[in-house]
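**Q** Chain residues, written in single-letter form:
There are 4 protein chains.
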Amino acid sequence: MSTPDWINRSIAKLLPNAKKGDPLASSKARAASLPRSTGQRLEATLRRGQEALSPRVLRRTLVELQGIADPQVSEVEGGRRAMGVIQWYARTTPEQRRDAWLLMSEQFGPDAKKVSAAREQYDAAQGTGDEGSAEIRLRRAFVSPRTRLLKRFAVAPQGMRFLLELRSELLPQLKTDKRLVALDAELEGLFSTWFDLAFLELRRISWDSPASLIEKLMHYEAVHDIRSWADVKNRLDSDRRCYGFFHPNLPDEPLIFIEVAFTQAMADGITPLLDEGAASVDPASSSTAIFYSISNTQRGLRGVSFGDSLIKRVVETLHEEFPKLRHFATLSPIPGLRGWLGKNAAGLLDKLDDKERLELGQALGSTPPSTQSLLTALEAPLALPASSPVRQMLLRCAAHYLAQGWGNGKPLDAVARFHLGNGARVERLNWGADPSAKGLKQSWGLMVNYLYDLKRLDKHRALLAQGTIPVSGDIESLHF
Amino acid sequence: MSTPDWINRSIAKLLPNAKKGDPLASSKARAASLPRSTGQRLEATLRRGQEALSPRVLRRTLVELQGIADPQVSEVEGGRRAMGVIQWYARTTPEQRRDAWLLMSEQFGPDAKKVSAAREQYDAAQGTGDEGSAEIRLRRAFVSPRTRLLKRFAVAPQGMRFLLELRSELLPQLKTDKRLVALDAELEGLFSTWFDLAFLELRRISWDSPASLIEKLMHYEAVHDIRSWADVKNRLDSDRRCYGFFHPNLPDEPLIFIEVAFTQAMADGITPLLDEGAASVDPASSSTAIFYSISNTQRGLRGVSFGDSLIKRVVETLHEEFPKLRHFATLSPIPGLRGWLGKNAAGLLDKLDDKERLELGQALGSTPPSTQSLLTALEAPLALPASSPVRQMLLRCAAHYLAQGWGNGKPLDAVARFHLGNGARVERLNWGADPSAKGLKQSWGLMVNYLYDLKRLDKHRALLAQGTIPVSGDIESLHF
Amino acid sequence: MSTPDWINRSIAKLLPNAKKGDPLASSKARAASLPRSTGQRLEATLRRGQEALSPRVLRRTLVELQGIADPQVSEVEGGRRAMGVIQWYARTTPEQRRDAWLLMSEQFGPDAKKVSAAREQYDAAQGTGDEGSAEIRLRRAFVSPRTRLLKRFAVAPQGMRFLLELRSELLPQLKTDKRLVALDAELEGLFSTWFDLAFLELRRISWDSPASLIEKLMHYEAVHDIRSWADVKNRLDSDRRCYGFFHPNLPDEPLIFIEVAFTQAMADGITPLLDEGAASVDPASSSTAIFYSISNTQRGLRGVSFGDSLIKRVVETLHEEFPKLRHFATLSPIPGLRGWLGKNAAGLLDKLDDKERLELGQALGSTPPSTQSLLTALEAPLALPASSPVRQMLLRCAAHYLAQGWGNGKPLDAVARFHLGNGARVERLNWGADPSAKGLKQSWGLMVNYLYDLKRLDKHRALLAQGTIPVSGDIESLHF
Amino acid sequence: MSTPDWINRSIAKLLPNAKKGDPLASSKARAASLPRSTGQRLEATLRRGQEALSPRVLRRTLVELQGIADPQVSEVEGGRRAMGVIQWYARTTPEQRRDAWLLMSEQFGPDAKKVSAAREQYDAAQGTGDEGSAEIRLRRAFVSPRTRLLKRFAVAPQGMRFLLELRSELLPQLKTDKRLVALDAELEGLFSTWFDLAFLELRRISWDSPASLIEKLMHYEAVHDIRSWADVKNRLDSDRRCYGFFHPNLPDEPLIFIEVAFTQAMADGITPLLDEGAASVDPASSSTAIFYSISNTQRGLRGVSFGDSLIKRVVETLHEEFPKLRHFATLSPIPGLRGWLGKNAAGLLDKLDDKERLELGQALGSTPPSTQSLLTALEAPLALPASSPVRQMLLRCAAHYLAQGWGNGKPLDAVARFHLGNGARVERLNWGADPSAKGLKQSWGLMVNYLYDLKRLDKHRALLAQGTIPVSGDIESLHF
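Protein chains in written order, with the working numbering: chain A, 1 to 480; chain B, 1 to 480; chain C, 1 to 480; chain D, 1 to 480.
These are calculated hints, taken from the structure and not from any lab test.
Misleading hints may appear alongside valid ones.
Copies of the same chain are indistinguishable here, so a pair counts whether it falls within one copy or spans any two.
Unchecked claim - Below 30 Å or equal to it, Euclidean Cα-Cα: the simulated DSSO-like pairs (lysine-lysine) are: (1) K410 to K114; (2) K178 to K324; (3) K324 to K438; (4) K410 to K113.
Predicted, not measured: the structure shown is a model, and the values here were computed from it.
I would like the entire structure built from these sequences, with the hints used as guidance.
**A** What follows is the structure, given as structure tokens:
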């Protein structure tokens, strides 16, 4: 099999006087051994005519990648070659990177013939007692050169970080370019084994941790922005706890981290927790641990989930260090509330009885109360008195959203989805709990506690699997 | 879908008065959700009637395993359940373990319906530009619950060691029981990612290493038995080097280790290297590093190879520490020589010319020389004078064995296979190099040097791929 | 021997109904064994009548201290008792602490009788060949219970820190209260052995060091204030170096630290070195290492000097890491310049020749030039053009100050004293090098480079010992 | 002041043609600054005419030592010079070393004039309120150049070990050569501060400790010889504990270590504790910790005691790890018993009443019983039946030795002295407890338990201080 003529021709044009010493020569030799299908695919790729890489560079890149994946070559040598590509890649434009992804995604698939043969054997084996071997053969046929390619990148120094960042850049383009799906899935598959829970180390992060690590927390914090070093010092102080999962190949930053405060009662607002001047608390005599922030750091690990395990390990660790702790709960944002209520307020208003509707209408100055008037009245939620029917309405709506909001077989709210999936239950709504701009924008300042009742996690999970969101009596009595 | 009646009936017999508090009750509930195919397979398994586990225990074990693999359950919980099974397993008999393996191998395969549907989509997708997604779907359909099951074992404390030992015990039975192939292949696949080179740390082992670690070297050493602590101290002294690959989940023992001595010329015998009383050597002024022993420690990692990478990393490390080193070679046994020569001596004797045949015949007291007379004369090889035609004959045979011995597309000798595969070449035969009982038994005391010429590793590897074993001029001139 | 009656009486008044279970009882028992002289001293102390501690507390404190120093008690027990005093001390007022110091200083001196007897033996031994033993006996007689007392404080957890802080608080009072001298000298003597160079570890401090440690740098930095975390990050970046000496008992903070920048020429101003936005530099290709800040952290270690050793070790370490470095120099403040010039300007103006005096007078608008007019003209030094005679005058004065300023057998300027004592020489003056308020106030913005010429350190030191300050040709040509 | 002429003359003879480049030249220059008294002392030393070093070498050595102690030289430079002397010293003979010690001991004493002046000031200060300063001045006058000399040796790499070994070699000669006393005392003084308890780290030694460290235990074990690696493994196993004190400058070996076994009752024999095949014990459910061996490793640290502190820290550590432990006791040899009984048997025989004397005489076949007949009968102590009067007699004698043996104000037996000094009491004698040759030789196989009753340590210590050895009722009833 040979490289398609048109490619060779175009290279010939670009390099009319290629000599013996031509650095491409050995690459050409290697390229000559491409299986037909690869050549054809490459041809198709090149014909698209939208490449950011010139045909010559594209082809050379392919040859380089093939050199890495070459099964004749040792892993150490493969890793060394990968290092070269990593250095080249660092200097490319986003468009050129996309071309490299396409090569990885399309040119390193499983061998169609092998797959076909293995399928026939598999079909034939059914019922013969040899199903096991046949299954193995078929699965092996699906092990693509792409797997070897990516593993060898992982061997290179900083190779794991390279792959994580590659996927992180690739993910946003996945929806619009289906050709990248194979590469993405291969990465997710490898990551889910490489970043297996068995390899993760739970480590406390404190004010004695490296400044460079703490700086990363400031960067990655996704729930309540860290405003300054004084802010992060407060969160890492001796009366707080912060834990992260670390992986041996990424020793300098956590994959995910969680921040914990200690209180005597379930926290009803974020302000005191973020107050750098607040008096110190004695964790050893506290009854309650509040998880007030949890952040993933590696976008490239999408689909590989640690949050559940992190919370469970942290609960165990805290329990051992502070035997007096009895309650474990979150203080969480409700990021989807405003968006959801905008679309669903009308339906909820309809559920009010006459008396309720009247009272609310009066408070809103709009009879009957309308979505528009409700939203207008909510523009300054912190100014609403405790007795305001508007306030009561929003609480009921929020309870409804959390207790009944269901879509695609899952809770609607992203944060709810996470904690409910872990076996927590919706415990309490807190008015004005997050008065920051972000908090007001997401949920008019409302926050919610999810309670981790260690003895009921499994029961709650089972309820959820049957389509029922577990909630406290308070929430139950609130929603429609 | 329900558990087959006959199973339920047999359980009913065993447990006629099962009460509410029955510890099996919840297991039963879980078992009730088995997919039909699993039940059917189990039924088939049980009907074989040769089980070491009673039907009840077998079934309960299955339920336990399903509880671990349950996707509804968190990884942490899965790991905790796995720990229970690990503890049970530790007390079982070999036959009972085999039953557990069969459950893992046969009951946790991919879902036939999903596979079938994915195949149809895959076929339909060819040529549509959606091949990538279809490939992914098909591969996902092949991801069996067994993968999740094994991953969750890995999460348990000591879980990785459990899996390694399980496979180590399982491997010898693989040939006679094909039903175990699926489990074995699944383990090999996971191990090849978990024990990826990217995760291995090259560490020096010295006399300052933990005594418990050094004791393990004594246990695992596979080439030249370690006779005493004085012996191992000599091998770890400041004028020696020993390196191992370590994995984060098995921090207490190397996966593989290699022993290095420093010399001024290529070593021609093992005795001075193992002599505890020999004078110390200065590595910094030595020209040659001799690899005189390399041992794998984990039988359970069969198929996952590190030796190649280890030698390359060690060569790099030594090169950096001792810039004057110029030669890297092994002093290796020839384990297959005696067995091979017994079968092939006659053919080789035929290759002698008349003069050679005459001389050898006289030396053997048998004209013409026969296989039997040759083997008899070799019974005390160390007594043969340097000029003996018998000695010359054996050297020629050994050279032939190493340079021409080829089978199944690979070098015949297991040690040769390893070093040649790494790109080394057969360099020199050494008479009387291993006068130990083992050395005499394997190869009449002969040892061989394989030379690692860093600039030619790739060239040698390519030669080998074409079927030619690279050898030195000396060896070339010796063989028939 | 008994406690003086008047003390017992005063205690009797305070505790009229002391019962058997009285917590003081055992203390009393211990107090009963005080040697007479101690009792007398205590009496004298108490009679001064200015104590912040009541007689009762004072006496109890003495008993506690004696309990710690008791030679009958084990070191572990002594350390445990010391811990109690440390906790009490933490809650005392400055005046009460002074009382505790006086007890330590005055009540734990050497035994006068023993000293006297040992002196007689020493005198008698001269010329007998037994001088060695006699010397030993005499020195032992001087080993006071105070030494044992302080050593046992050191054994308590945090005891070393306690002693360091105690001396740090005590030092300012030493001039006005001679009674504290004995305690201070005892502490200095112990510290000079405990903090022996043999125990100090040179460690790099970087952005990967604990945040809590870096926060301490910000606190202790004594030369160029650290303004923010961005500032300190710049000083610890990968193109900088910072080293400190650490002691095993104070693992969390350096005793002294030094900041180093890399340049292609001797730095002539501090601004680019503190510029957080400046482009990164490659140390490996730099010719010059600039020490631009060195700070002690433990005031309590006064008299125990590390700076000399630190600079030498850092020079060695840098030399090894960056073989291309050829010059090692400081960029240093001249803290004493302004104070000195105010007093000495008149004398220097007299040294000008007529022409110089005329030019300077014209520039100052004052003929002849006066001290006052000179200082007035220097009020905005950065505005002076390069050719201004005023500028030239200041440079000459500064050169004179550094090259000729001599007092008490040492260079006048404190920073000069340190670097010249290490063997450096005065190399170059830099106009406007420190435009900060502090720099302008100390030395009208002037800074000086001291050059560490490794081959001449000893020669320079010898020159200095003979009273000559080593300077460069530039400086030589500048001064009067 | 100049070097005495006769020394210069003898050097002139040895080096008639000394040239400009003479490596001694700079040494000579340094020597020229020797204070008179030093020269005179050296002259005296040399006149003794018994030196192992030639006058030239002796003088050069002195100059080298003075170069190290030179206060004009930095500590780093002093340390570097010391390194040179350490290397020279390593190659010298014992006699030459003695000469070097004499130089250190005799040539670096305090300055007689300074001492004299300080004494006058001290005398004058008495009663003036300035006693503190005067005390300080006098003590400073006694700080000899020897202190600086030794401190700078400590700064050199391996310098601390050099000093320890120097003193270890010097100690045996101290009795016969009083001139070495000053050096010895200076070393002891420095060691007692350098090896302060505050610097020692208690570390567990286990089978996971470095083999090189464990090998040192085998070397240093002083009570029950370690026979093999299997023996030491048994003592470090998971059901045992071994702890040592480590110093930051000697990280590779403990200064002292102790071995602990766990039992259900106070151990009555050493054999089961040293039995490698004995079944494993669960420390967590044991009631008793038995200290069965404690060994110092550094002879050079004589006079600096850690044993007391080690046992207390170990008791605390064990208590924390195993809260069920209630008894802490030793199983100890009685090394001085046989020697003592040989001299004191007659007196003890006299204390027997008639009946006892008769019975014993019959058993010994000697009426009345004589020392000689008693010792003869004890030649095979293990053969004596439990009821033998001889056995009873030995037990009574041993009890008497331990409970009444008193000399120089201390218990006679060296091991008893140590444990009683720590506050333990003599608890129980154990017949045949150490059947080894050493055990039979020391004490006819008898061993003793000392009990550490944590609540009574102080009380026991006080008893001892009053001259009473605390013993159990059993021992009380045994002795005469």
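**Q** Now tell me if each hint is right for this structure.
**A** So, going through the hints one by one against the coordinates:
1. For the identical chains of this complex, K410 and K114 are inter-copy neighbours only, at 23 Å across copies versus 40 Å inside a copy, given an alpha-carbon limit of 30 Å.
2. In this assembly of identical chains, K178 and K324 lie within 30 Å of each other by CA distance neither inside one copy nor across copies; the values are 53 Å within and 53 Å between.
3. In the homo-oligomer, the alpha carbons of K324 and K438 never lie at most 30 Å apart, since the shortest distance is 34 Å inside one protomer and 53 Å across protomers.
4. In this assembly of identical chains, K410 and K113 lie within 30 Å of each other by CA distance solely across copies; the values are 25 Å between and 41 Å within a copy.
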